[in-house]
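Visitor: Protein chains in written order, with my numbering: chain A, 505 to 767; chain B, 22 to 350.
Note that these hints are calculated values from the structure, not bench results.
Be careful, since some hints might not be right.
From the derived model, a few chain A residues whose C-beta atoms are all more than 12 Å from chain B [unchecked claim]:
#: 1; residue: Trp552
#: 2; residue: Thr700
#: 3; residue: Pro737
One-sided excerpt, in silico: chain B residues whose CB lies under 10 Å from chain A [as the list claims (entries may be wrong)]:
#: 4; residue: Pro95
#: 5; residue: Glu96
#: 6; residue: Val137
#: 7; residue: Lys251
#: 8; residue: Glu252
#: 9; residue: Lys272
#: 10; residue: Ala323
#: 11; residue: Ile335
#: 12; residue: Ile339
#: 13; residue: Glu340
Distance ranges between label pairs, derived from CB positions [unchecked claim]:
#: 14; chain 1: B; residue 1: Asp306; chain 2: A; residue 2: Ala558; range: 52 to 58 Å
#: 15; chain 1: B; residue 1: Lys285; chain 2: A; residue 2: Ala701; range: 36 to 42 Å
#: 16; chain 1: A; residue 1: His762; chain 2: B; residue 2: Ile189; range: 29 to 35 Å
#: 17; chain 1: A; residue 1: Glu569; chain 2: B; residue 2: Glu247; range: 48 to 54 Å
#: 18; chain 1: A; residue 1: Glu752; chain 2: B; residue 2: Gly254; range: 21 to 27 Å
#: 19; chain 1: A; residue 1: Val745; chain 2: B; residue 2: Thr169; range: 14 to 20 Å
#: 20; chain 1: B; residue 1: Glu247; chain 2: A; residue 2: Asp714; range: 53 to 59 Å
Glycine included, C-beta positions come from ideal geometry on N, C-alpha and C.
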Amino acid sequence: MKIVVCVKYVPDTNEPKRLKSDLALQRNGVQSVINPMDEYALEIALKWKDADPALEVVTLTMGPEEAKGVIKKCLAKGADRAVLLQDPALGGSDALSTSRTLAAAIAKIGKVDAVLCGIRSSDGDCNVVGPAIAELLDWPQLTYCKEAQLDQAARYVQVQREADGALEIVRAALPVLLTVTKCAFEPRLATFKGITAANKKELLVWSLADLNLSANQVGWEGATVKVMSFSEPPPRPAGQVLSGSPAEVARKMVEYLHTLKLV
Amino acid sequence: MSGVWTVAEVSDGGIKGISFELLGAARSLANNLAEPVGTVLIGHEVANLADELFAHGADRVLVAEHPALASFAPERHARVIGDFATAYAPQVLLIGHTGSGKEIAGRLAARLDVSVITDCVALQLVDAQVRCTRPIFGGSMLTTAVATKGITFATIRPKAFARPAPAIGRPGEVLQLAVSAACLVARTEVVEVVNETSTAISLTDAEIVCAGGRGVGSAEKFELIERLAKELGAAVGASRAVVDAGWRPHKEQVGQTGKTVSPKLYIAAGISGAIQHLVGMRSSDTIVAINTDPEAPIMKVANLAVTADLLEVIPKVIEELKILKGAAV
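Next up, chain B with everything else stripped away, as it sits in the complex:
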């Protein structure tokens, strides 16, 4: 077994941010293990993206190309990565704990015949073992686990590891992986993609999330949260209450029956902070809560607890942000 390997995520012909965060996580482990960092790059006509991976810390990029791999298909991708693992016997394999990463992690674990340590927020090399730390029970506890047989296979929480500063022109080796016919199974068929044609930032990728709850008052007034999000370049989030009320779509829901996010900044406006909501956002770096009730649970976890009516404060915040931007120009 050798090498610390990551799997890059590609969409719309570009490399997704999580791929660089994986390289950040892999690089420090690899340095301590004195092993190279490799990245598996799967897609159609993607070899030209290798330089960007080298710049962010990959020493080798293993390219698996086929027209049938142009879009993500969990069964095919899991088979390609399985073939790679058989050929290269990685010591450590890291993939993103993302929408697509979670779809392949289970299949891949079954193919590799080793379990996977999911949603890792820290990796530490102790006595030649990779100790993986992950939150459980919605982040109310952390657990540290190790792989005891063969490869250490882990999924990495988005935003938990810093993206390395790129070194443009850093060299690396491009390798090719032959895509076998067995990898090209097609047992599911996309009938229709109902594009919500939003250019909105994805909730789990966002550096900043602006979330609103029942305190916003109505579906119409949620426009204020959208304006604040736009001003901050943030994704819009929502509490379960407002999703259940039909004000916002489920894809924006943060919490136990929605998404788990850990952005640099989480703004919770008019959200009381039931435990089911807190489990989805409490690992955010900075939490700002705006609530009329100073005793609301969200105020206890907030770094900045603003006791105020969000409908009065947010328009002023947007004004202040515009002034700040103007001053910076």
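Next up, chain A with everything else stripped away, as it sits in the complex:
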């Protein structure tokens, strides 16, 4: 059985964000990491692999050459092989053309039984790529998963998902796409042995020519959303500071809220 985990290469949230003159992100010198939610998606796939070492886990990333560092970490944790989609023609992709590119790569990887994605990325934060891939592949989706069990014999996945106000247990037959939210467990760390092994694992680099897509379906050309400008959010007004005895502070705080008609 074959599982694909989509892994995005994102700038670390702790780093200040800078843009270049073409409105693309300044990546030089900025520490980049695995998108935090994708770490949980990978962990679910690796737990499945713990239970059945014959299961093949493939990571899929669309990104620059530098993303290889992050991809190697996924291989070191236990993924079997990795695919990096890298082509200047992919620059400027919007959420849909990104999904289209990833879906085409999943089709090329072939015979995939399940795809796992983080629910959202910490940079673009669109929350749409997973479900869009599912639609493009004409697969069902299971979203907001916190835990997931794979039944290879019966060919289905059952998940615990965080629905509005309730926890749901839902299942779907394979093939299926899962979007994963923060789980109750922490993603594993790479072991020294894993890091050594990662260097021998396959890291395929595919360009647009490797996918069944034309240039006008991806990148700047395929995008139907155009970013016009970036701006800094208006600065928050300087705050008031309160200190004193608890009773006094409490009275002033409630007065403040009352003046703003918040209470």
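Start from chain A and add chain B according to the hints.
Guide: Just chain B now, with coordinates in the frame of chain A:
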């Protein structure tokens, strides 16, 4: 292409608040475009809810009813909305950037063959183009984007647009959308709903959020945050630290690996304000922080920074709120 359209959200036989906020966003765009506002209303026996949508600014309500649509199912709902878009060719389509909205936005983008501009906090009509502004990098930047091909499809951040004052009895036209058999796919099966039977207000819908962090001290002492939330009619939020410690469930977590909220009032008690927390709440209208450390990062973004021990101050705040309520009666 014509019309500014929204998709209403229905739950427990009623219309959810985001649906009215979408009408608020749609109305001003539609007025400037001289186009009508339409709302797609999907469910089972929901046509009686149309009047409420007319009262809040819809000119037309397109009803798609079927017993199989009684509860939200992303694939079915995306197909119904896709069919609507084929039949009506909307110029603008707005849905909520909510739990369910996010589940269908991607599928719908793929069906419509146009991308979606997500989590919009402002819409502006310039040169016949709808400019959509959204926060990125956890709100540390804003970006403005336009749709360049066909429909402008956007998801709207809850609480970013005001709910219009209702005009009871405002007329409107009810239209029907036939639900095709192809819309009724069922490829997922709910095995069990573990209802947490809480009447608690949902974090992302709340006007006020009371959040606690490590400074609260223990899972037991979090009861104080719950009491304050109850007094304010607020939802309870939590920092990653207390969720990781097992004091609170993940559904209450605010921040990068939790929820993004923008309530009218966010009270952060005993939360230091790591960047991963700030990205989830810094677009709140008013932020009140209670912390013993005046230098904590949360104090820098707060409109009111209270340097105090929350365990001493919050009981007094609850007393003051009770007095205030008593005086109002």
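Visitor: All the hints need checking, so say for each whether the structure fits it.
Guide: Hints versus structure:
1. No beta-carbon of chain B comes within 12 Å of the beta-carbon of Trp552/A; the shortest separation is about 19 Å.
2. With a minimum CB-CB distance of about 30 Å to chain B, Thr700/A clears the 12 Å threshold, and the non-interface call stands.
3. Separation of Pro737/A from chain B is inadequate, the least Cβ-Cβ distance of about 5 Å not exceeding the 12 Å criterion.
4. Evaluation of the Pro95/B hint against chain A yields a held restraint, the C-beta minimum of about 6 Å falling below 10 Å.
5. Against a cut-off of 10 Å between C-beta atoms, the interface hint on Glu96/B holds, since the closest Cβ of chain A lies about 6 Å away.
6. Interface restraint check for Val137/B: the shortest CB-CB distance to chain A comes to about 6 Å, inside 10 Å, so the restraint holds.
7. Below 10 Å, beta-carbon pairs count as interface contacts, and Lys251/B has none with chain A, the closest being about 13 Å; its hint is therefore violated.
8. Hint status for Glu252/B relative to chain A: holds, with the closest Cβ pair at about 9 Å, below 10 Å.
9. The interface hint given for Lys272/B holds, since its Cβ lies 6 Å from the closest Cβ of chain A, which is under the 10 Å cut-off.
10. Proximity of Ala323/B to chain A holds as hinted, the smallest CB-CB distance being about 5 Å (cut-off 10 Å).
11. Interface hint at Ile335/B: satisfied, since its Cβ lies 8 Å from the closest Cβ of chain A, which is below the 10 Å cut-off.
12. Checking Ile339/B against chain A by beta carbon gives a least distance of about 8 Å; that is within 10 Å, so the hint holds.
13. A hinted interface residue such as Glu340/B counts as satisfied when its beta carbon comes closer than 10 Å to some beta carbon of chain A; here the least separation is about 7 Å, so the hint holds.
14. A hinted range of 52 to 58 Å holds for the C-beta pair Asp306/B and Ala558/A, which are about 54 Å apart.
15. The hint said 36 to 42 Å for the Cβ distance between Lys285/B and Ala701/A, and at roughly 52 Å that hint is violated.
16. For His762/A paired with Ile189/B, a C-beta distance near 30 Å keeps the hint of 29 to 35 Å intact.
17. At about 50 Å, the beta-carbon gap between Glu569/A and Glu247/B stays in the expected band of 48 to 54 Å.
18. Separated by about 25 Å at the C-beta atoms, Glu752/A and Gly254/B satisfy the suggested range of 21 to 27 Å.
19. Range check, Val745/A to Thr169/B: Cβ separation about 47 Å, and the 14 to 20 Å hint is violated.
20. In this structure the hint that Glu247/B and Asp714/A lie 53 to 59 Å apart at CB holds, the actual value being about 55 Å.
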